[in-house]
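Enquirer: Residue numbers (our numbering), protein chains in the order written: chain A, 8 to 388; chain B, 2 to 241; chain C, 16 to 219.
Watch out, some of these pointers could steer you wrong.
Computed cross-link-like contacts, DSSO-like style, restricted to lysine-lysine with a CA-CA straight-line distance of at most 27 Å [said to hold, decoys possible]:
no.	chain 1	residue 1	chain 2	residue 2
1	A	Lys57	B	Lys183
2	B	Lys48	A	Lys317
3	B	Lys72	B	Lys122
4	B	Lys77	A	Lys317
A few chain C residues facing chain A, derived, Cβ under 10 Å [stated by the list, open to error]:
no.	residue
5	Ala56
6	Arg74
7	Thr95
8	Gln132
FYI, nobody ran anything at the bench for these hints, they're computed from the structure. Heads up, the beta-carbon is just placed ideally off N, CA and C, and yes, glycines get one too.
In case you want the letters, here they are:
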Amino acid sequence: MREGWNRPPVMKPDGEGELLEVAMGPHHPSTHGVFRMDVALDGERVIRLKPVFGYLHRNHEKIAEGMSYLGSMPFTDRLDYLCPLTNNWAYALAVEKLTGQEVPERAEYLRVILGELTRVQNHASSIGFLIQEMGASGTPLMYAFKAREKILDLFEELTGARMMCNYMRFGGCRVDASAAWLDATRKVVAGLPGFVDEFERLLRTNEILMARTQGVGILRPELAVNAGVTGPMLRASGVNYDIRKVGGYGVYNRFKFRVPLGDHWDVYDRYMIRMLEMRESIKILEQALKDIPGGPVMDAKAKLRGFRPKPGEAYGRIESPKGELGFYLISDGGPNPYRYRVRPPSLINLTILEDMCLGQNVADVVLIFGSVDIILGEVDR
Amino acid sequence: MEEIKAAIEAAVPGAGVEIVVNPSVSGQHSLRLRPGDSVSGAVAVAKFLRDDPELALDFLSNVTGVDWPDKEIAEKVKVTRTVTKTVEGVEQAVEETVEETRKRVEPGCLEAVYHLFSVAKGHGPVVLRIKTENRTDQVELPSLTPVWRSAEFQEREIFDLYGIVFTGHPDLRRLLMWEGFKDHPMRRDYVEPDDFEYEPTAHDEVLKRAMAHQAKQKAAETVAGAADAGAGAEGTGVGA
Amino acid sequence: MAVDEGLKIELGKQGVFVTTIEELYNWGRRSSIWPMQFGLACCAIEMIATTMARYDLARFGAEVFRPSPRQADLMIISGTVTKKMAPQVVRLYNQMAEPRYVIAMGACAISGGPFKQGYNVLKGIDRYIPVDVHIPGCPPRPEALLQAFMTLQKKIDGQPLTGPDRPRFLDAEAQGEFPVPVQGEHDLEPTSNPGVWTVPVVIR
Chain A
8 MREGWNRPPV
18 MKPDGEGELL
28 EVAMGPHHPS
38 THGVFRMDVA
48 LDGERVIRLK
58 PVFGYLHRNH
68 EKIAEGMSYL
78 GSMPFTDRLD
88 YLCPLTNNWA
98 YALAVEKLTG
108 QEVPERAEYL
118 RVILGELTRV
128 QNHASSIGFL
138 IQEMGASGTP
148 LMYAFKAREK
158 ILDLFEELTG
168 ARMMCNYMRF
178 GGCRVDASAA
188 WLDATRKVVA
198 GLPGFVDEFE
208 RLLRTNEILM
218 ARTQGVGILR
228 PELAVNAGVT
238 GPMLRASGVN
248 YDIRKVGGYG
258 VYNRFKFRVP
268 LGDHWDVYDR
278 YMIRMLEMRE
288 SIKILEQALK
298 DIPGGPVMDA
308 KAKLRGFRPK
318 PGEAYGRIES
328 PKGELGFYLI
338 SDGGPNPYRY
348 RVRPPSLINL
358 TILEDMCLGQ
368 NVADVVLIFG
378 SVDIILGEVD
388 R
Chain B
2 MEEIKAAIEA
12 AVPGAGVEIV
22 VNPSVSGQHS
32 LRLRPGDSVS
42 GAVAVAKFLR
52 DDPELALDFL
62 SNVTGVDWPD
72 KEIAEKVKVT
82 RTVTKTVEGV
92 EQAVEETVEE
102 TRKRVEPGCL
112 EAVYHLFSVA
122 KGHGPVVLRI
132 KTENRTDQVE
142 LPSLTPVWRS
152 AEFQEREIFD
162 LYGIVFTGHP
172 DLRRLLMWEG
182 FKDHPMRRDY
192 VEPDDFEYEP
202 TAHDEVLKRA
212 MAHQAKQKAA
222 ETVAGAADAG
232 AGAEGTGVGA
Chain C
16 MAVDEGLKIE
26 LGKQGVFVTT
36 IEELYNWGRR
46 SSIWPMQFGL
56 ACCAIEMIAT
66 TMARYDLARF
76 GAEVFRPSPR
86 QADLMIISGT
96 VTKKMAPQVV
106 RLYNQMAEPR
116 YVIAMGACAI
126 SGGPFKQGYN
136 VLKGIDRYIP
146 VDVHIPGCPP
156 RPEALLQAFM
166 TLQKKIDGQP
176 LTGPDRPRFL
186 DAEAQGEFPV
196 PVQGEHDLEP
206 TSNPGVWTVP
216 VVIR
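Looking at chain A on its own, in the form it has when it is part of the complex (with noise of 0.2 Å):
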């Protein structure tokens, strides 16, 4: 801020005494990646927070409105980097929205199963990034890694890389997947119930967190619903919407699985959310796995390059592990999208960041922006 030494300072609401503004960030160790928040602190106590974005803005818009349909899908990847899969799959689900492609039976479980295992990873994941904001410097995050590692191995295997994956097209997936994946895919499953109960012993009864998370970042359900949060922090708040449930995407309504709700809507509830979903997804796994059919994974009229849409529009979502995560095309019947829309859950979900840290504990910010588990690259696009 080169203006702001000779600012005026920020007085307290009353009047009397000046606040100490702090910026946090964009190079601030607990925020995960280039965030910044202007924060104006009276002692210890939040007074106002307002969160700066655009470190990380990338064009992803920009870029994909110049670039053929097919052309984006590995820019897709690049949005919310730890779950590439999910965000190929909104894509492509838009995309087939908007020229009404089938996709093989067989290529929707294959997107449920890697659906699943991002969700998986991302919340482990997450988890250790909240616990490591808390002071836990390395162990759990190590103990997440290790399980995330297991999964990158297996997309690895089946598309050809850890993390950008690039491996869903419009009408079905790239490559089918062998036997061997499958058999492997059942192993590493069985594996992850055995995980997540390690990784909940270390910590549910931990004393530091509990005292920490609990009773802290209250998000009312009215308020959630007003500006449009989703995904596990909508449902930490107690409010039961899950598009995999209503949205009526994929082959979602074969698999029997239960929806946590929260009722404290404190930080914990999103760390115990996050956990119970970990638990549900390895339940979808299961099922899909033991009942996934054969059958091509392309459908054999889907066409991808030369590829130009009746002119129109379609928006299409999906429950990512952030939230809603949809994609919003319009076509003018040319090769490239005339309007390329990223609907972020992170971004959306950090309107009410203000409002959880008002009147809290600077530190508790720290807490309270992890566990809403963002990631830049989706936010700032």
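Position chains B and C relative to chain A; hints supplied.
Expert: For chains B and C alone, coordinates are given in the frame of chain A:
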């Protein structure tokens, strides 16, 4: 769609709503609020959509800007006119049908698109659109942030990238670009800064830009060089 | 002054340890490179994965990630540098104490990578600060980051302490502060630091 339109018209008198048909297979048609609606009009419609027990669209998921630039439409029009022609030595008035290309400019606009869902009822999406009058000076739209908080950052983003000014927004600042940035980069006619000096693997579009950049620099250098040479010649002239 | 290798081994057998100040000094520096805890984008996740148990960056004496630039020796530019972030990156680099090193991790940090055509993307961090090691990849695998660490260690090992080739921190005349670009109305000003980066001519 018709039902929602009728419901809105019954509940908010004077609200002009038209249905925009989406020709795509997705079948997501949208409702356009009439441009020029007063601020309270659009907000009243939004409040009705949120609070109506039947619709209960309590969840505003997505807000998007769209830029529709001025379009030059070339139309072929058949025109009949009288032409004086000399036919067999005699001047005659002959009627001729000529095909003429006429150009007209269809004024562009900026548009905000809102995708609404219902958490309580689980239905959606209902798509709302509002247009500005033009792209230059009349770019105000009513902000729906007082009705749905989730529009707060998304409307700021549209203000930043498209330049739509949302009246009634509590904190309208740039979201992604820095303060002091002058352009609206998501508009179709935005010109990027020319920083393509070095392209290790240039091809296609990037190669064109790099070439253009190089040509421009060369031109600037020759102008500077000529000025130097001129100064040098003058110097020698004085010496002699 | 280098000691003859054979003599050194022979003396070692007799229980006498011979070295030069230069070797000892560089050995100490290269075995405790503390990186700054500074993640920018996708590559940061791979950087974290590198520090975790499976790849174990601690083997290279580099497991201590320091949040403050004052305590760090190495800046890993892990991801896309945008024009909004570039002044902060240069400022952080200026705040680091010498000797300091920079690894440009991934295609974005090197040249803008896949996002090169973006209006807000800096086309390579080496336009503003000197980079020691570049790692290609999008994102580079953890093994690639380990390779970069080994390359950096080799570079440190080969640095003479005196003479014209001595590193910047032993040269009182050398440039220590790098000018921080200013965010202008349309672009960063200046668009590059000519003292660090000159335009290579490669266009075919």
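Enquirer: For each hint, tell me whether it holds in the structure or not.
Expert: Against the structure, the hints come out as follows:
Distance hint between Lys57/A and Lys183/B is fulfilled; the C-alpha atoms sit about 22 Å from each other, no more than 27 Å. Under the criterion of a C-alpha separation no larger than 27 Å, the hint pairing Lys48/B with Lys317/A is inconsistent with the structure, at around 34 Å. Between Lys72/B and Lys122/B the CA atoms are separated by roughly 41 Å; this puts the pair beyond 27 Å, and the hint is violated. Restraint check: the Cα-Cα separation between Lys77/B and Lys317/A comes to about 24 Å, which is no more than 27 Å; the hinted pair holds.
Because the beta carbon of Ala56/C sits about 6 Å from the nearest beta carbon in chain A, less than 10 Å, this interface hint is met. A hinted interface residue such as Arg74/C counts as satisfied when its beta carbon comes closer than 10 Å to some beta carbon of chain A; here the least separation is about 15 Å, so the hint is violated. A least Cβ separation of about 5 Å between Thr95/C and chain A falls short of the 10 Å threshold, and the interface hint therefore holds. At about 6 Å, the closest approach between the beta carbon of Gln132/C and any beta carbon in chain A falls short of 10 Å, and the interface hint on this residue holds.
In this structure, the earlier hints numbered 2, 3, 6 are contradicted, and the remaining ones agree with it.
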